[in-house]
Amino acid sequence: MKAEQQYIDLYRQCKEMIAAHSAEAMNALREQAFADFQRMGFPTRKVEKYKYTDVAKLFEPDYGLNLNRLDIPVNPADAFKCDVPNMSTSLYFMLNDGFDRRDLPKASLPDGVLVGSLRELTATHPELAARYGKLADTSRDAVTALNTMLAQDGLLIYVPKDVVVERPIQVVNLLRSAVDFMVNRRVLIVLEDGAQARLLMCDHAMDRVKFLATQVIEVFVGKDAVFDLYELEETHNNTVRFSNLYVHQEAGSNVLLNSMTLHNGTTRNTAEVTLDGRGAEVQMLGMAIEDKQQQVDNNTFIDHRASDCTSNELYKYVLDDSAVGAFAGKVLVREGAQRTSSQQTNRNLCATREARMYTQPQLEIYADDVKCSHGATVGQLDENALFYMRQRGIGEREARLLLMFAFVNEVVDQIRLDALKDRLHLLVEKRFRGELNKCQGCVICK
Amino acid sequence: MLEIRDLHASINGKEILKGINLTVKTGEVHAIMGPNGSGKSTLSNVLVGHPAYEVTRGSVTFNGKNLLEMSPEDRSHEGLFLSFQYPVEIPGVSMVNFMRTAVNEKRKYLGLEPLNASEFLKLMREKRAVVELDNKLANRSVNEGFSGGEKKRNEIFQMAMLEPKLSILDETDSGLDIDALRIVAEGVNKLKTSETSCIVITHYQRLLDYIKPDIVHVLYKGRIVKTAGPELALELEERGYDWIKAENNG
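From first to last, the protein sequence lines stand for chains A and B.
FYI, the numbering for the first sequence is 79 to 524, going by our numbering.
FYI, the numbering for the second sequence is 209 to 458, going by our numbering.
Treat the hints as calculated values from the structure; they're not laboratory data.
Keep in mind that the hints are not guaranteed to be accurate.
To be verified - Partial list, computed: chain A residues near chain B (C-beta under 10 Å):
#1 M467
#2 G471
#3 I472
#4 L480
#5 V486
#6 E488
Think of the CB as a built atom: it goes at the ideal place given N, C-alpha and C, for glycine as much as any other residue.
Assemble the whole structure, with the sequences as input and the hints as a guide.
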């Protein structure tokens with residue numbers, strides 16, 4: 079049986095149930111998404127964009143879903159010890175795909191700022207509901223189509239015009255289930271003109287079952303708005319993550335996207351950024367530390383549609399054991415996008431002969447006054463540096479660790495939240511020292 | 209302190225050292241001179257345990273211990289230091305972090321408690337003064353963006369931090385202007401005690417004007433072919449190496 083069939087059958091059998099437990103705005107797009115999914119099917123590895131991830135195989139297992147929205151009797155705040163403490167964030171929990179209302183932080187958000195359930199907030203805010211699905215085109219990506227056809231809830235964040243959210247917002251996504259389980263989470267983020275916010279999203283898998291989580295994030299960034307999105311994955315080896323991120327930036331906006339895979343099973347992150355107004359800037363950072371059989375595939379696409387925009391990309395991987403990493407980054411500079419500045423860098427360390435890294439930078443330029451560069455390297459630790467350190471009395475293991483921290487810290491150091499940066503330095507060190515074999519925050523699997 | 213007996217070593221199957229005999233006593237300064245390609249750098253690399261070199265014959269004892277059996281880091285902990293001819297840049301590893309790790313690993317080896325942050329910074333300040341190393345450099349990544357002179361000064365600073373028993377200075381004078389040479393040499397002299405020894409590897413007499421050797425050796429084609437007092441360095445400066453070559457090729 080083709081991997082698609084069980085999802086097609088599932089949708090046909092359960093579409094009333096799915097719709098009954100969701101919102102009008104989300105239901106409105108399901109039929110089209112379903113048609114798109116049926117037409118496309120899962121991409122094979124012959125599809126350039128998915129060359130390094132065997133999507134169909136990952137969707138083949140029989141996962142349970144909670145389409146009936148049965149309540150999961152657990153308080154995430156009790157079960158979870160935050161891995162980024164003392165950060166004074168506005169802390170929220172997502173349990174699978176649902177926004178958790180227990181233990182909500184004391185209202186520290188400025189007036190008009192919304193953080194809550196996508197299902198509920200789209201019902202009460204039609205102007206936000208109208209944005210749902212506008213960036214995530216179901217006709218171009220099967221995972222986005224599948225997510226749109228099955229997702230019932232998720233997160234919505236709204237920041238009104240010129241409002242600055244000083245305190246970072248932290249959303250902890252917890253995967254919980256007693257059986258092998260699929261989650262389809264949806265996130266909609268809207269920053270109006272001049273708004274500012276910073277969001278940290280942490281992914282954790284709390285139970286020892288197989289998880290498959292798809293996530294589609296749509297981010298609208300208005301004129302001169304500033305937005306930071308840090309994503310930190312600390313799941314276990316039996317977790318499959320598909321995250322499709324779509325960002326639309328207007329003139330003068332400034333966005334930082336940092337995707338950090340600290341521990342995982344199989345991860346595929348797609349990020350598409352559209353620079354759609356003069357002078358917009360995006361900085362995309364990514365880091366993956368992998369060992370055992372772990373896989374991380376980052377696929378980025380930056381669309382320079384307007385003049386005087388800047389994009390900077392830096393992705394770094396450290397691969398040990400039989401880990402596999404992939405990075406494909408495409409930058410498109412459209413006609414008329416003059417004075418574009420774009421830089422893309424992907425650097426990778428393979429610690430063993432079995433570790434594999436695939437890297438594919440792509441530049442497509444249709445404007446003449448641009449400054450674009452890209453570079454990719456795959457290599458080993460510098461043997462001369464190692465020997466130099468050993469001559470000074472630093473043992474080989476310690477010397478290797480110091481060089482590996484130094485390697486990924488280039489990404490960590492660009493975090494614009496000091497507390498998070500400090501914490502990440504520590505987590506990275508723990509990860510390399512082998513003290514982070516499971517997600518650090520799990521009280522349950524300790 | 210150091211006893212080298214009939215040392216043979218090769219790299220990629222090519223024999224470079226062909227039977228070195230050398231004894232360095234506590235408190236002595238030895239100079240090793242010789243033309244290019246005679247094996248001077250190979251000797252220093254073999255002594256500190258560079259993995260690219262293979263020792264095929266002979267023995268080296270360091271304060272009574274078999275040096276050749278030790279890992280490079282243990283040789284360092286035992287008090288052996290090499291000032292590299294080409295110090296390595298290590299981007300992303302701060303000098304402070306690097307030195308703190310090195311100092312505390314050595315203390316651990318010696319069974320001492322690690323230094324706490326304030327003790328360590330005090331030590332850094334003190335030792336920096338020895339070679340007039342700028343605080344700005346100490347806050348940067350190891351050797352990254354340092355000038356040639358700064359790198360060599362940084363080597364001597366690390367030597368001051370680690371307080372080795374035997375220091376090998378491998379062409380520490382190369383790439384230095386007169387002022388930098390003086391500062392580096394004065395640094396070495398300040399660190400010299402009757403308990404420590406030094407091997408200075410150099411092409412020129414120039415460095416030996418500052419660091420006075422007790423014994424001068426000439427290395428040629430992988431063997432020590434001449435050993436004498438400091439006057440040998442002066443003679444080499446005057447006459448070059450041709451007469452040595454002639455004596456040994458004949």
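We went through each hint and held it up to the structure:
Residue-level restraint check for M467/A holds (minimum Cβ-Cβ distance to chain B is 7 Å; threshold 10 Å). For G471/A, the shortest C-beta to C-beta distance to chain B is roughly 4 Å, which falls under 10 Å, so the interface hint holds. For I472/A, the interface hint holds, since its Cβ comes within 10 Å of a Cβ in chain B; the closest pair sits about 5 Å apart. For L480/A, the suggested interface contact is upheld, since its CB lies about 5 Å from the closest CB of chain B, less than 10 Å.
At its closest, the beta carbon of V486/A sits 9 Å from a beta carbon of chain B; the interface hint therefore holds under the 10 Å criterion. Against a cut-off of 10 Å between C-beta atoms, the interface hint on E488/A holds, since the closest Cβ of chain B lies about 6 Å away.
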